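Number of protein chains: 2
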Amino acid sequence: MKVVIVGGVAGGATAAARLRRLDEQAQIIVFEKSGFVSYANCGLPYFIGGVIENEEALTLQTPENFKIRFNIDVNVHHEVLAIHKEAQTVTVKNLATGEIFDESYDRLILSPGAKPTVPNLDLTALKQVFSLRTVEDTLNIHRYIQANKPKSVLLAGGGFIGVELAENLCDLGMDVTIVQSQPQLMAPLDSEMAAFLHSTMRAHGVKLAFGHRVSNIRAVDGGVEAVFKDGGSLQADMMVLAIGVTPDTKLAKDAGLTLGIRESIVVTDKMETSHKNIYAVGDAVQVKHSITGENALISLAGPANKQGRIVADVICGLDSRYHGSQGSSVLKLFDMTMATTGINERTAKALGLHYDKVYLSPANHAGYYPGGNIMTMKVLFDATTYKLLGAQIVGYDGVDKRIDVLATAMHMGMTALQLKDLDLAYAPPYSSAKDPVNMAGFMIENIANGTVKQWFMEDALPRDGSVTLLDTRTAEEYAGGHINGFQNIPVDDLRENLHTLEKTKPIYVVCQSGLRSYIACRMLRQNGFDAYNMAGGYRLYAVVAENAQASKEALPCGKES
Amino acid sequence: MKVVIVGGVAGGATAAARLRRLDEQAQIIVFEKSGFVSYANCGLPYFIGGVIENEEALTLQTPENFKIRFNIDVNVHHEVLAIHKEAQTVTVKNLATGEIFDESYDRLILSPGAKPTVPNLDLTALKQVFSLRTVEDTLNIHRYIQANKPKSVLLAGGGFIGVELAENLCDLGMDVTIVQSQPQLMAPLDSEMAAFLHSTMRAHGVKLAFGHRVSNIRAVDGGVEAVFKDGGSLQADMMVLAIGVTPDTKLAKDAGLTLGIRESIVVTDKMETSHKNIYAVGDAVQVKHSITGENALISLAGPANKQGRIVADVICGLDSRYHGSQGSSVLKLFDMTMATTGINERTAKALGLHYDKVYLSPANHAGYYPGGNIMTMKVLFDATTYKLLGAQIVGYDGVDKRIDVLATAMHMGMTALQLKDLDLAYAPPYSSAKDPVNMAGFMIENIANGTVKQWFMEDALPRDGSVTLLDTRTAEEYAGGHINGFQNIPVDDLRENLHTLEKTKPIYVVCQSGLRSYIACRMLRQNGFDAYNMAGGYRLYAVVAENAQASKEALPCGKES
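From first to last, the protein sequence lines stand for chains U and D. Just so we're aligned: the first sequence equals residues 6 to 566 in the working numbering. Just so we're aligned: the second sequence equals residues 6 to 566 in the working numbering.
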């Protein structure tokens with residue numbers, strides 16, 4: 006059997022190695038357009054920032070290694086130009102020599118990945134404008150910085166690569182501005198959760214210029230200017246485009262394979278394309294979102310690697326299936342970590358789901374053990390079945406752990422009510438006796454059995470005196486900042502002050518994180534009040550309000566006259 | 006409703022607070038024998054070591070707090086002497102005044118905890134011998150160390166408390182010796198996994214004196230001598246007894262409640278004891294092990310806190326159930342972390358289960374990102390159904406995360422084969438595109454579909470030439486140490502050397518961690534060899550061999566003449 010693999014990173018490389026382990030006799034040929042194979046694409050921003058010091062660390066695998074260990078022929082600098090699906094051949098160009106030749110296959114695996122979205126502009130003359138996909142791109146940026154010592158950079162795009170680059174370039178001492186049309190960083194997060202990232206970015210001096218769509222990029226004296234559709238512009242010494250990724254599927258399209266959303270390749274759960282003996286894996290394929298059941302594009306390394314293994318299994322006759330992605334992801338941002346799994350509230354709304362949500366602010370480990378930090382967790386669940394729909398966490402240590410626990414729970418179709426029963430490992434340096442994930446379960450159980458009713462920051466509470474607005478924090482906390490219109494009765498003074506509150510009016514209660522206001526709500530409800538607990542507390546409110554204010558104080562963009 | 010709670014730590018304190026949140030009108034009275042309520046019992050060793058600096062951090066909750074916030078009467082220094090279950094009263098002694106009185110109840114919750122196992126010796130005169138259970142014990146040890154500056158300490162017992170104390174006293178500069186009859190630390194670990202802990206202990210200068218049962222403890226000039234049943238003895242400036250814990254159930258026994266294993270209190274899944282209106286929670290109760298279905302004693306804070314909440318729910322008419330424990334636990338030991346969930350191999354054997362196992366040595370995060378470390382993971386599963394039975398991990402960062410993911414998978418009854426499909430969050434600082442938990446799944450799938458056959462360190466391989474013993478590491482690695490009798494052919498040289506191996510003999514293959522030997526086994530099997538891959542690799546073998554050697558070099562114990 007002769008297997009040709011187009012693309013030697015992530016899915017392609019995994020498929021090649023697994024194929025060999027399953028079939029010692031197969032002929033396995035990999036064509037990779039770039040000069041590197043199976044490189045650490047998720048590490049590229051960290052090489053630019055100097056966190057990863059050696060180029061070799063990114064490119065540990067070489068064509069020679071693949072040949073020696075796996076007897077696989079890896080051809081770098083080889084671009085596959087066309088698929089002849091009836092003849093079962095591909096036309097290949099050796100980019101080093103210009104030679105063009107045909108290669109036959111019994112099975113063809115496409116692992117072309119996704120390419121950075123680049124504005125429809127001619128940027129070839131602009132030496133100070135880069136995009137970031139390959140090792141070569143990385144080395145170009147690295148060399149440019151070494152040689153030209155740029156002091157400022159414009160980053161177009163605030164997704165994974167944009168955010169990771171922002172941190173790395175900031176750590177190099179550069180003046181970093183992220184510019185994009187979207188009003189927030191990291192689309193997998195809901196806006197109130199992204200506000201925590203924005204605060205951290207701003208605290209590190211990174212400027213955020215949201216709401217600007219780039220219409221032109223041009224060289225200016227010693228640098229580059231991005232001109233926006235809204236007429237403004239920003240200048241910097243260099244610019245990196247990291248706006249998003251698009252499936253790199255021209256080859257598949259030209260070959261007439263069935264394409265799906267955003268021209269991704271449609272595949273079965275066995276990674277089969279629409280044409281026999283052609284398979285596809287990785288960022289270029291359309292997957293089933295395992296939470297929504299909808300078709301989705303999920304450009305992440307985990308799914309790509311899993312699919313690479315599965316396609317090799319399938320080709321070798323094993324019954325392996327890809328069961329879909331739930332989009333679990335994690336991101337480091339300076340000392341902060343953000344992580345998500347499943348869908349966010351924006352998606353739940355767009356799908357018209359009947360959902361509910363909780364926010365909590367637990368510590369990553371026992372409060373009395375040094376080094377603890379607070380994380381903010383949002384859990385989304387079906388309001389009828391309580392099935393888990395998604396989770397988002399921003400914080401510091403221990404965020405990645407809780408998202409993986411939640412991802413595992415969701416993978417098994419767990420309901421939010423079952424989270425409270427999870428027997429998780431506890432010792433003071435690692436967790437609390439009630440782990441944050443258990444806590445989320447307790448809170449959702451309280452909602453399910455009617456113990457608690459919630460209100461949300463985005464609810465427009467009447468300010469006409471028809472409801473009571475109550476802040477149950479201490480007088481000091483209240484004096485330090487509170488939501489307009491809320492009166493202060495600390496929770497510990499509430500029992501003796503119940504008579505001062507009107508029973509006929511609903512009471513909306515807030516505290517710092519939601520715990521004291523929950524205790525207050527229980528006290529109130531059992532005394533005949535219709536009380537509602539604010540999800541997320543003043544802590545969430547303050548971060549969102551601060552972010553809204555900072556976003557309003559628009560970054561000075563030179564308006565064209 | 007009047008609820009009396011015996012014991013104000015963990016389960017008792019949780020029950021009290023939850024009761025108030027559910028029932029504003031109930032009368033809630035807590036009796037706690039010690040001087041402190043809801044204290045941080047898992048933090049006590051860290052106060053002794055100075056990691057937790059302030060006593061207040063351990064005792065954040067006070068009777069006054071409970072009164073103000075929850076309107077709960079917490080009586081410290083009050084010992085409940087007797088339960089009169091027909092009269093529904095308890096007899097209480099105020100330990101401060103000596104006063105004895107009766108208190109009636111509608112519902113009684115027993116949360117007496119477990120007490121350190123103390124040898125049947127009169128130790129009252131020995132001021133330099135301590136046990137560790139309460140805040141008072143902690144302060145006693147702390148004060149003794151401050152005042153007497155002991156240079157050496159004997160710790161009897163190598164469980165959680167013993168190991169945590171060893172680290173903390175070692176960090177104070179003390180010469181620490183752990184003495185016990187068991188041949189390993191941390192019984193939840195299998196012996197080969199405990200070997201990693203032993204190495205770490207020894208590397209930090211902690212001495213391990215296993216196989217000695219203490220028969221007497223006596224004062225010697227300026228210190229203490231522990232005399233062993235085997236005739237040896239050890240001396241030190243002080244001694245702490247941390248041999249294990251026993252359910253503190255005299256009260257329940259005297260009251261005629263049904264007791265279970267080791268005199269623990271038998272309860273239903275609603276935490277009901279054998280007598281109406283009496284409930285029990287925490288370390289004193291017998292639970293169902295959720296993996297084996299057997300009765301078990303699991304003295305951990307997580308279950309105790311969950312049970313405290315459940316008993317309050319039940320008393321207030323909610324349908325809450327305790328679904329059993331799977332014994333998830335985690336321990337810090339210097340920079341090392343060890344964690345377990347489910348059952349270990351010793352237990353699986355004792356139960357006669359038909360199990361199988363894998364070992365793997367994955368990195369906690371992408372190898373090219375700085376700061377990575379190797380962990381050793383052991384996963385146990387049913388050899389027929391592939392249901393997960395247990396996992397043990399020793400390593401550094403990221404161990405607690407993987408055990409919680411595995412604990413969640415096990416809680417949902419996941420099979421080991423499903424681990425490969427988990428969609429876990431990946432970025433280079435946190436994981437690899439194939440997370441260690443996915444990797445365990447891949448390995449077990451390979452066993453399930455016959456792709457790999459394993460051999461184990463404990464297998465007695467014939468050394469009579471009837472089998473081939475093959476080490477596939479590099480020549481340098483092989484020269485640095487190898488298993489006796491194994492010949493060396495590096496994996497990358499194997500294809501061209503296949504003809505040197507005899508096809509009629511089974512081949513037992515080893516490499517450092519099991520990956521290269523797996524590749525070699527695939528190559529061999531497809532070339533007609535009957536090849537077996539060593540689980541855990543030379544890495545595991547070397548640690549176990551080193552530990553066996555160190556244990557043999559017996560600690561000098563002065564033999565009595």
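Think of the hints as simulated: they come from the structure by calculation, not from any bench. Every value quoted in this text rests on a predicted model; they were computed, and no experiment measured them. Errors might be hidden in some of the hints.
Identical copies look the same in the list; a pair holds intra-copy or inter-copy alike.
As the list claims (entries may be wrong) - For lysine-lysine, the following DSS-like pairs were computed, each having C-alpha atoms within a straight-line distance of at most 30 Å:
1) 90 to 38
2) 72 to 98
3) 510 to 234
4) 392 to 293
Against the structure, the hints come out as follows:
Taking the closest pair of Cα atoms, residue 90 and residue 38 come within 30 Å of each other only inside a single copy of the chain (20 Å); across copies the shortest separation is 81 Å, beyond that limit. Only within a single protomer do residue 72 and residue 98 lie at most 30 Å apart by alpha-carbon distance; the minimum there is 21 Å, versus 80 Å between protomers. With identical chains, the CA atoms of residue 510 and residue 234 are never at most 30 Å apart, being 49 Å at best within one copy and 74 Å at best between copies. Proximity of residue 392 and residue 293 under a CA criterion of 30 Å is satisfied in both settings, with 18 Å inside one chain copy and 26 Å between copies.
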